[in-house]
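Colleague: One letter stands for each residue in the lines below.
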Amino acid sequence: MNGDVVLAWSSDEDVRERAECGGAVTSLLRFALETECVDAVLATKARDGNRYDGIPVLITDPQELIETAGTLHASPVNLARFLKEYLDGAADLRIAVVCKPCDAKAIIELGKREQINVANLFLIGLNCTGTFSPATARKMFQEELGLDPLEVVREDIEDGTLTVWLRDGSEIKADLAELERKGGGRRENCRRCETNIPTMADVACGKWGVEDGRKATFVEILSEKGSTLVDGAINAGYILVEQPDNAAVERRMAKAQAATELARSWQERDFAPFRGLSLDQRFAYWTSQFSQCIKCFGCRDACPICYCQVCWLEAERGYVQGGEIPPHVMWPMVRVAHVMDSCVNCGQCQDACSMNLPLSRLIFMLNREIAGVFKYDPGMNLSARPPCTTVTEEEASVDAVSISF
Amino acid sequence: MEASRTDRSFREEVLAEPGGENLYRCYSCGTCASMCLVRRVNPDFNPRKILHMVMLDMKEEVLHSPIVWLCSACDLCFPMCPQEIHISELMKAIRDIAIREGVEPPGPFAVVDEHLCSGCGMCVSACPYGSIELATEPVPGNGHVVARIDKFLCMGCGICSATCPSEAISVEGTSREQIAIRMQAGERSTRSEIEPKIVVFICDWCLRAQDDVVRVDQFPPHIRVVHVPCTGQLDPSLVLTALTRGADGVLVIGCRPGECHYQRGNLLVRRRVMEVKPLLEALGIGSERLGLEWIPTLQRGRVERAVEEFTEAIEQLGPSPFNNRPVKVASPGIV
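For the record, the sequence lines run as chains A and B. Per this note's numbering, residue 1 is the first one in the first sequence, and the count goes up by one each step. Per this note's numbering, residue 406 is the first one in the second sequence, and the count goes up by one each step.
Hint data in this document are derived by calculation from the structure and do not stem from the laboratory. These figures come from a predicted structure and were not determined experimentally. Treat the hints loosely; a few may be bogus.
[Claimed, not checked] Rough simulated footprint, nothing fancy, chain B against chain A, three-plus residues with beta-carbon under 8 Å:
#: 1; region: 282-291
#: 2; region: 338-350
#: 3; region: 375-389
Cβ coordinates follow ideal geometry from the N, Cα and C atoms, glycine included.
My request is simple: use the sequences and hints to build the entire structure.
Modeller: Right, here's the structure in full:
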């Protein structure tokens, strides 16, 4: 039932063995494929077994699902853009998408913009406490933990600790805050992310709330679609479930709360240097940043909520001059202005930037301010329209030139 | 005025049309005409006269007049009408009959560039008249659905064009390119090192009285007045364009909430201004360089004062950082 929570695990011993948290997600997906609830599953897997080279895969054969089991923390893949560009926005394919909260948010934002047919999707959300950029992860494993990155078979982030499991079965723990202080650790946007449980998806799956050492997944059912899927999988015997006790539910909420508070403190920390500058300093800082832009279009091409047929930034539109480097300041400003109200803090723009400009930090900072003004949280609700496309009845009677919502 | 006596049933026809029910209640007091925004700009438009002509069964004259298409349903007259006649609904009833009779509305309309349209439907939410919908079938050669404008419903306000991130919609005669051109026209000749350069976007409907229009025309050259049909036509990129190309400040002057000729253009521009301000502040341009001012219906001369006050505020701020101030590249310890 919509709103319910269950502890779930796979009824298949092999899946239970190979998956991280009892294989509930893998078995849900298998149920969806085998009973033709969906035509395909979109998930991420390691290319040729390389954990630092995750790729999106579209799976139609249930036997292949097991390859996607387990989380690739060091392969932040952009599923929303993939779904739009290469799967025709799920126009006529029913797909179960295994997604991080930021993927789900981006999918929902594109859904609002008619670029993805969300009605055709089952969003199987995974709790997420952050990802690493592949290069940072390798360097961190090698230099900070003294490991061969290729020996790593699994990572986990929990309560401020990074745990890494190696091929020989040993496990190594390290303090995440310490790693992050040294420039390693999670991607900057992930550290700032407050959405650790994907409550906007159809189901949210994760290990928070599950007792230590137990192989099970805590599943929250968040929509009618999610309910159909989970109930179906239970009735068909794909997954086994148990009602979590109150303590489990509270444990999960406490973890989420702690993660959100940590994220907020990162936001403060990341935004404070910008906010602490005078106007003149800000202008000088950003002018010098933008003047490094080589106009590679990486930020735009990676952005999961960009969708224009012919982008404003292209020279053919006549607004910016072709071949001009660095581009006119309108180029970065319009790019920021176009996405700032709906930024989902996926961090892709900053990852893609050849010049390491703090783009995601700027855009997400603006987004938090705008979200505060309009009470519009991007990607959380398919029916909420972006703030500048609609007005409310009440607004018409407010006389001031700025209002609070 | 000579009534065409050939079609005695026109008033009954209007009466039977949805929205036309209250036609007979009108006793021609003229309150609607005294409130009407359109009439102040176009004296040929007079709702009282149109209703009277309908009652005289002047079908041809009413249906084929471009005048009936001018009512934009701002509904200022509705609360004032002692007979509670919803005049904009009545106008719509008349237009619906005209459409059935094959009359083409005069325009201007919003036009979609199908090559640029991404079919996102943002314009559909923003349009106050429900005149836009997404085509159900992909456009041949384009591969995706595009927005379609129903020109029988479009009032040419341009709110859609400002909502479109792809800038794929424009209103005939007031495209964004044209606004940008007006904004820059005379830029060189008015360069002054002392006076701040101000771009004032002003809604045509704010200027209710002739003396307001005259005042606006007499602003000194460093205050560049750009007339727009509705401030709802302004989007962040226009404001940014003005600020990066010489303006020290941008002032948007629109109608007060509840008085917008196009229902909610002013409300949308208020949201956009509130959205752009954090960006201006973050980048060090300064949020105060963008101003928004309402001109209430009954406050004559307010335009002049608003521009003066804004100019003074900009003088206090000094020139825009884009205006040839030497930029010292600081490295304040970020990243």
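Colleague: For which of the previously enumerated hints does the structure constitute a violation, in increasing order of number?
Modeller: none
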